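Now for the letters of each chain:
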Amino acid sequence: MFAMAASTWAAGLQVQGNVGKLIPIALIGYQGEVAKVLAFDLQVMGCKIVAKGDASFVLKGKNGPNNLTGVLSDNAGNFGFNLNINGAAPRVLAHALSNATIKAITGQNGIAHTRILFTMKTAAREWEVFQSDFDGHNPVALTNDKSIVESPMWMPDHSGLFYTSWMTIGGLQNTTVVKHNLKTGKREVFSRYKGLNTGGAMAPNGLVALILSKSRSTDVYITPPKWEFLKDIKGEKLLRLTRSREEKSSPTWSPNGQWLCFHTLIGGKHTLVKIPAGGGQMVSIPTRGAFRPTQPSWSPDGKWIAFTQQRGGFQIGVIPAAGGNAKIYCEGEDPAWAANSRNIIFTRRAGGVNKKRMAILDVPTEQVKMLPALRGGVGQPAWQ
Amino acid sequence: MRDVREKENIMQGAIYLKTLAVVAALAALAANGCKSATTDVTNIPGKTLATNGGNGNGNTGGTGGNGNTGLGPGGTGGGTGGPEITPGPGFGPLGLPGEHEIVRDAFQKIHFAYDSAELQPTDLPNITKVAEYLIQNPQHLLEVEGHCDERGTEDYNLSLGERRAQAIAQALSELGVTANRLATKSMGEKMPIVQGSDKESFAANRRGEFVLYVPLAAPANGATPQRINLTPGAVTP
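Keeping their order, the protein sequence lines are chains P and B.
According to the working numbering, the first sequence is numbered sequentially starting from 2.
According to the working numbering, the second sequence is numbered sequentially starting from 895.
Honestly, the hints are just simulated from the structure, not real lab data.
None of the values given here were measured: they were computed from a predicted structure.
Among the hints, erroneous ones may be present.
As the list claims (entries may be wrong) - Listed next, with one range per pair, are the computed distances between beta-carbon atoms: (1) B:Glu1094 - P:Pro301: 40 to 46 Å; (2) P:Arg217 - B:Gln1014: 47 to 53 Å; (3) P:Gly65 - B:Glu1094: 58 to 64 Å.
Each residue gets a CB set at the ideal place from its N, CA and C atoms; glycine is no exception.
Could you put together the complete structure from these sequences and hints?
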């Protein structure tokens, strides 16, 4: 990891009053990859890179092979910080300086050090789960199953993930929810009942939401604590939350673990709903102004639900968590929130379903930044 | 017409062998769990792909001997020990019997309207032929695959594909096929048979497919099982 030495860190910056406005900032003295990383990171988190004369803030410094300096000030001459960061690769150092800059300007924690999961098509009829930096750099394959894989989801402590794999066991290919420990590499079959097995959304208290069709209709189930599939082959210990033949998809927990939100159809109409974690009545979440909402994603601060609207193509929308008027932001699908509850990563089709690219939306400023294109089409990103 | 064949070595009725097979599969799963596939990724300009999780704690061996080259230390081998697995209710992930071959496309595909899992009256003759075949061949099992076009999110299409498969399986059950001889599998939008973004391609891709599991004849003397003379075309309606 990197080391960050702050010779001085003052709180004298003039903080932006309007959080919905792009923050004009000038970058002075940075070269090459570091300059590009700083610009990308700061734009993702709500900044606009401008000349010094147009800037509200100035970040000035220089970068060497293993070190990076930065002095932040505002256009009134107030001093922010003077940092010397070293001991890591240039991209890591730049991400750290980006985070420090956003923290000093807005008071919010940055997300430039975080990582994402996503699926990528690697060959004909083959997809794998990948992990990368939040900006799509340093992608690493986490699976090598040469099969279909969908819906990678972080465990709440980010020590591992769940995903849906079409793996063949005992001569039969079947959807299987896999639990994957990122520290040890160990994987286990988490759910492999007859029919559909997907979901794998883990709540902070460890309960896991699954979507199964073992009882013929596709329904939402919740595992009890410390539940093991091999000890419950018939699924008798699972809590069944729904009993209807309509499709269910995209389970997402409220951050306090009290509600499970997902997509289903009510009266033939695509609807976002929620159910108490302990079971009970299914509650519709109003999405006024949205058309065919699917793929809900509950923000980490609990205030918002992002979703995909399908009107012609696909668009990213956001509603208050209790429901209300939907605001549609941009073309895209597969939304997932960052830890700061203001950035949303999503995918956008670029010439077909197999050529999807990732992009990041900054909700308050509505600024969208495309991530680098990878060889295979990507899908279903999940943000650490 | 494609004829995909696959053999396996699980003896019918020998649950303990099934357990070993599943445990072995789990071990293999763990072994392959974290191999990097760096050659399959486009290099981002100016950046060499990492073969590790990014923090430089790479591992190329692993204490479990599982060849883990991914994140962190090696796995523990996975699947060691574990409880005996009891097969699930009927044909399913844990209930596939002895040696068999897989026959695809022996029956006509069933097609669906956009965003629908409803069967049409015109589908009934085709589904009836499948049911009659299964009733006449009680040792044969059937998997129904549900497929979608690309006009939907991946998450929803996975569920829609399952509902399509379930609708066909339900119809077969109502025509007299025992439910434990039927399995369903959604492929979502991942396996289109036509590449294209026009109405005709979408219509072709919204479908249910039938996959027959035909047991190989098992001689009493323990010799190699013989393939049943099944010609897929012979049962094509």
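Each hint, compared with the structure:
1. B:Glu1094 - P:Pro301: 40 to 46 Å: 44 Å, holds
2. P:Arg217 - B:Gln1014: 47 to 53 Å: 21 Å, violated
3. P:Gly65 - B:Glu1094: 58 to 64 Å: 59 Å, holds
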